[in-house]
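These protein sequence lines are chains H and C, in that order. The first sequence begins at 1 in the numbering used here and counts up by one. The second sequence begins at 1 in the numbering used here and counts up by one.
These are calculated hints, taken from the structure and not from any lab test. Glycine included, C-beta positions come from ideal geometry on N, C-alpha and C. A portion of the hints provided could be inaccurate.
What the hints assert, rightly or not - Below, a list of computed lysine-lysine pairs in the DSSO-like style, where the Cα atoms sit at most 30 angstroms apart: (1) H:Lys-594 to H:Lys-607; (2) C:Lys-607 to C:Lys-501; (3) H:Lys-326 to H:Lys-216; (4) C:Lys-594 to H:Lys-501; (5) H:Lys-326 to H:Lys-49; (6) C:Lys-216 to H:Lys-594; (7) H:Lys-326 to C:Lys-326; (8) C:Lys-607 to C:Lys-594; (9) C:Lys-594 to H:Lys-594; (10) H:Lys-594 to C:Lys-49; (11) C:Lys-216 to C:Lys-326; (12) H:Lys-501 to C:Lys-216; (13) H:Lys-607 to H:Lys-501; (14) C:Lys-49 to C:Lys-326; (15) H:Lys-594 to H:Lys-501; (16) H:Lys-326 to H:Lys-501; (17) H:Lys-501 to C:Lys-501; (18) C:Lys-216 to H:Lys-326; (19) C:Lys-501 to C:Lys-594; (20) H:Lys-216 to C:Lys-594; (21) C:Lys-326 to C:Lys-594.
Stated by the list, open to error - Computed beta-carbon distance windows for the label pairs: (22) C:Val-504 to H:Lys-607: 51 to 61 angstroms; (23) C:Glu-477 to H:Leu-142: 25 to 35 angstroms; (24) C:Cys-132 to H:Phe-299: 35 to 45 angstroms; (25) C:Gln-331 to H:Glu-477: 46 to 56 angstroms; (26) H:Leu-280 to C:Glu-528: 55 to 65 angstroms; (27) H:Glu-528 to C:Ile-194: 49 to 59 angstroms; (28) C:Glu-477 to H:Cys-132: 21 to 31 angstroms; (29) H:Lys-607 to C:Ser-600: 36 to 46 angstroms; (30) C:Gln-331 to H:Leu-142: 45 to 55 angstroms; (31) C:Gly-422 to H:Gln-331: 35 to 45 angstroms; (32) C:Ser-44 to H:Glu-528: 24 to 34 angstroms.
Protein chains: 2
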Amino acid sequence: MPASVKALGQARPSGASMAPQARCCSPAALQRRLPILAWLPDYSLEWLKLDFIAGLSVGLTVIPQALAYAEVAGLPPQYGLYSAFMGCFVYFFLGTSRDVTLGPTAIMSLLVSFYTFHEPAYAVLLAFLSGCIQLAMGFLRLGFLLDFISCPVIKGFTSAATITIGFGQIKNLLGLQGVPRQFFLQVYHTFRNIGDTRVGDAVLGLVCMVLLLVLKLMRDHVPPVHPEMPPGVRLSHGLVWTATTARNALVVSFAALVAYSFEVTGHQPFVLTGQTAQGLPPVRLPPFSVTTANRTISFSELVQDMGAGLAVVPLMGLLESIAVAKSFASQNNYRIDANQELLAIGLTNVLGSFVSSYPVTGSFGRTAVNAQSGVCTPAGGLVTGVLVLLALDYLTALFRYIPKSALAAVIIMAVAPLFDAGIFRTLWRVKSTCVLARHTHAPRTLPTVFRDLRGTVAAGGLDLLPLCVTFMLCFWEVQYGILAGTLLSALMLLHSVARPKMQVSEGPVLVLQPASGLHFPAVEALREATLSRALEALPPRCAVLDCTHVCSIDYTVVLGLQGLLGDFQRHGVTLAFVGLQVPVLRVLLSADLKGAQYFSTLEEAEKYLRQEPGPQPYNASEASVPEHKVALLKA
Amino acid sequence: MPASVKALGQARPSGASMAPQARCCSPAALQRRLPILAWLPDYSLEWLKLDFIAGLSVGLTVIPQALAYAEVAGLPPQYGLYSAFMGCFVYFFLGTSRDVTLGPTAIMSLLVSFYTFHEPAYAVLLAFLSGCIQLAMGFLRLGFLLDFISCPVIKGFTSAATITIGFGQIKNLLGLQGVPRQFFLQVYHTFRNIGDTRVGDAVLGLVCMVLLLVLKLMRDHVPPVHPEMPPGVRLSHGLVWTATTARNALVVSFAALVAYSFEVTGHQPFVLTGQTAQGLPPVRLPPFSVTTANRTISFSELVQDMGAGLAVVPLMGLLESIAVAKSFASQNNYRIDANQELLAIGLTNVLGSFVSSYPVTGSFGRTAVNAQSGVCTPAGGLVTGVLVLLALDYLTALFRYIPKSALAAVIIMAVAPLFDAGIFRTLWRVKSTCVLARHTHAPRTLPTVFRDLRGTVAAGGLDLLPLCVTFMLCFWEVQYGILAGTLLSALMLLHSVARPKMQVSEGPVLVLQPASGLHFPAVEALREATLSRALEALPPRCAVLDCTHVCSIDYTVVLGLQGLLGDFQRHGVTLAFVGLQVPVLRVLLSADLKGAQYFSTLEEAEKYLRQEPGPQPYNASEASVPEHKVALLKA
């Protein structure tokens, strides 16, 4: 059955019926591509009620967040709302998770601010191109590429982004003016101008943050409404639940009301959001060229200007979206189809770019709101989308009264949970290990520092290096951070493949056992190790290569082994193989290695090589392969 | 002891004494950096005699080859000789193999012709920069990077280069004029102009080829001179040996003599080499900028023009040189130090560029001549170098009489042995497998073709794909061929790491065993496989993850396993581990995975999970680790 059906059906008591296993034949395949077909026929009134409440909760969260994230992206506030509804409608048809909501997120907004120079035209074009790239990846089933972005890289990036976004709001919280957007300059100017703090903004911002925090704590501790509760308790619980779930909307409305009251009195102590374009966004093609006062910027120039953003934005968008979907799928016991998710997010970005959306992805915070509100199907997104459209149509005139410090409070409270304090503990541990090492080892040179560091990395089991590199570089340029971290992970991976651990047991017969696979870059190292230990001993000794952990070998490895066998023969000693898995044996047989001998067990090999009486080796020619292996080979 | 000492001492009866093991302390380290210090103190008269003969033989080979290879590189003939002596002198001090001779080679000349536009200034600068890159790689011990160029890539490149070089000489052999250098154009124009063949050149070229072939066959069948032979036999054998070893010089001299005789009669039926610059090359800095008639080309422009050549030339140079050294070290039972070889070749190129050399590397053919002549130490190179210098000083006037077709014959006979006909057999086998598949499978669509091809690749154990890609693309642009082949190899490697084979045994308890290591890109696939097989069954069943072949895990894998354990717990079933190697267990313990249980053997695990009475699991907290494992963990 399609994963979505099960996903939607399993966790709710009134589960949807199970569809037949999806093959390449038409109805099941169509259901896999359009998961809505799987759950819509079973849609019930009870689900509708729950979906409606959840959609409303998410809508009341996304409206203030969208205004705030547009500020992070460096775009006019309405662009946040333009980006917030298309995902709901597309995901209604294509989504395989009931919880996920697509829309503007803090991290994606930060990335957009890096690559679009605060120009809406760039942002909309970036959404279109990112969507195309994501769709292509979905159709070509390239989702596996995301596996190569390792967890340390994601953690390093997320933590750096959290700090960048959070710190970026300090200036709005304090009402500081003229602070640049580059992180290091921002830190410098924020602290330099801290004396210019506007009391009104700072007080309002802090009050909003405290309110949000209190409401969030209440949310976490008030039990959900149960039908068994007495009506009065149910009502009060319901009220608290609504207030805490829609806390962003509540706090922002409160702040706007305060600002409006001051406006009426003629004195405005807050920096306000200001005029917002009214009404729904126009439906039109994304801008493939931009005409400014003096000249026209062509499509290829636009693309060149965005540069690495065209790789970073789609990839990180997919990564965030799939990470969110997997996380909630795991929590709520259903499966998602990663490639289908790629298609959903890609189509959202492409269609979104026709209504002036900037790139969107799955939002962790709002998906949590959705799940906690008890959403049953992606239909909840319809309510959210309609709410955003209504807000755009009727409320934009009111948005100008929202103080920027209130939005800053919303952002800071939204990104704070993403920050992983463990990173600093880990960094601290490395530092203390180095300090500790300084006390124990007397002479302190650069190599010893490196050795200690390497020891710590090896012992901790944490991939500290890519984490630290990504974290540090992301403050400079996000793409360099992610690229460097990913390359470092890949290099560490290739290094472990090229220099596999080798278990060596010395003795009259040398036994070498690669601790894991044996891939082509490793064969030279294996040959060196064997030569230096077996043939440079006086007298040269026989060796056994225990291939228990080797599941496949390629041409380069075969050539290397051939060379090794030749070396042993010239020295008049023997190299024997044991523990050959069937595919390896098959390759060795077909390569017709001269003088290759192999045994079933290590004991037999050692006995034979010590020239004690016992079983004889099998030679690597098909005639002498033991019966059961021949049978396997013929299979 | 340093590898070189042993190398030089072991194979000859009068072995050099053994030096103490090389540590970072001074004399041994110095000996490792300057291998001459290891063998010079033991130098004997007998060695001198053998080295002198070998050096002479190599010298008589290199002089005609150098003139010919300069033609391949598209440079005036003297540049071949300029490139032929510095390697001998540098290797005398730094070499760790007694057999290797550095100098111009066919393949390196072909590469030089691609990247230097037949301009000596570019070629000399390329030698300098390549040398610097090689030296840097040697000092940074980056030699392991060469391991990532797999054998199929090397074979594909070598075979393509052999065809390109060999075919490029057909025009000289036939005396055709005005044939362009680009391979495909060359093929077209050669066949189009075949009617213009000059009879004199063609006859002379073919005669030279036959002569070279006959002499080579004689060389392979005449036994070397033994002291026990009667003096007459010894003399005749010695004569034959000299003639066959110096066959290139002999044939070229013969052809030049023929041409000179015609010149004296006033009729010249051959295309001659023409005027060659006389005398030794000037010693001067390599050209960091070039001034032509109309403008000066700056250093950065020169570098930009050479482009990918700055990566391809140094890397292929190292590869060729180390392959040659390793091959002869293995044949003659000694060890080379790969990083020291990098330094030797790098320094040769840097110093060579001061005497107008183009990039050089280890020559397979001349190294074979050297070894067969019984060379004892790199001192043989001194003789070769001096011979080249003498030729430059006194013979250049005579070189103008050498017919081009004779040099073409020398080149063709030199590159022919490098061609690997096996490639075509392999390609043929793929084709016939596909044809065979066409007969057995009825419907024939593109996917089935791909599947057959993949089956062939998997079954043959040959990495056909990188081989074919490299072979084909090298005709178009060498760097693309090598790059594409290497990337393809790396991708195939990464794919096998990201999607490792998994042995699955179904039953009341699911048992999954990764067939090789478990690296971070694989963890998502593992999780998917386990979830879909264990938890989507009805009812969900317990699973055992058999980590026998896993020797290390990283942070991403730990997080993935943590998620998997959570998934199992939510379904009320158990995931147990067996076969944990000590490093893996240590990481799991330090990560403090909740609910992780492991067993010593698969049987125990299955028994426990089937809720039969038997041993209890160890929980992954240090208190319950069995005694012997704790001891290992503390170690």
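Report task. Sort out which numbered hints this structure fails and list those numbers smallest first. Result -> Violated: hints 7, 9, 10, 12, 16, 18, 21, 22, 26, 29 and 31.
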